[in-house]
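Peer 1: Sequence:
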Amino acid sequence: MVTELPAAPQIGVSVCYALPGHVWLRELRLPDGATVADALAASGFAEAFPVVQPWSRGVGIFGRVTEPQARLADGDRVEIYRGLSFDPKESRRRRAEHRRAKTAKNGRVRPAGLL
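Mapping the sequence shown onto the UniProt record's numbering, position 113 (from 1) lands on 113, and the numbers just tick up by one.
Source of the hints: derived by calculation from the structure; they are not laboratory data. Beta carbons: idealized from backbone N, C-alpha and C, even for Gly. Certain hints may be false.
[Stated by the list, open to error] Each pair of labels, with its calculated beta carbon distance range: (1) ARG71 - LYS102: 49 to 57 angstroms; (2) ARG99 - GLU47: 29 to 37 angstroms; (3) ARG94 - GLU47: 34 to 42 angstroms.
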């Protein structure tokens, strides 16, 4: 008589990497207790993007940066981050200049400190 062992509990997670115009997404079933590093290895990310070093830019779960040894829960989305396309400070400065130029063109002057 052969007795079957119960299947180890599994969790469902997704691994995603957003590129301009394309999202690479893999849905995985992993053993309960799997880590972020386990998910990256199982997803095939290294084979799909051999030149990308995921830990250099950051990896997170639902927008929160995390470590490779962080344990995953059922339904988690592991995100591999890219570098910023624009410097946020520079973008704010350019928008402020644009607003100033627009108000000067319309003849309205705002009091100092309200820009």
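Peer 1: Do ARG94 and GLU47 keep their Cβ atoms within the hinted range of 34 to 42 angstroms?
Peer 2: At 39 angstroms between Cβs, range holds.
Peer 1: With respect to the beta-carbon atoms only, verify the hint that ARG99 and GLU47 lie 29 to 37 angstroms apart.
Peer 2: violated, 47 angstroms
Peer 1: Assuming the hint says 49 to 57 angstroms, is it satisfied by the Cβ distance from ARG71 to LYS102 or not?
Peer 2: Check passed, 51 angstroms falls within 49 to 57 angstroms.
In summary, the one numbered hint that this structure violates is 2.
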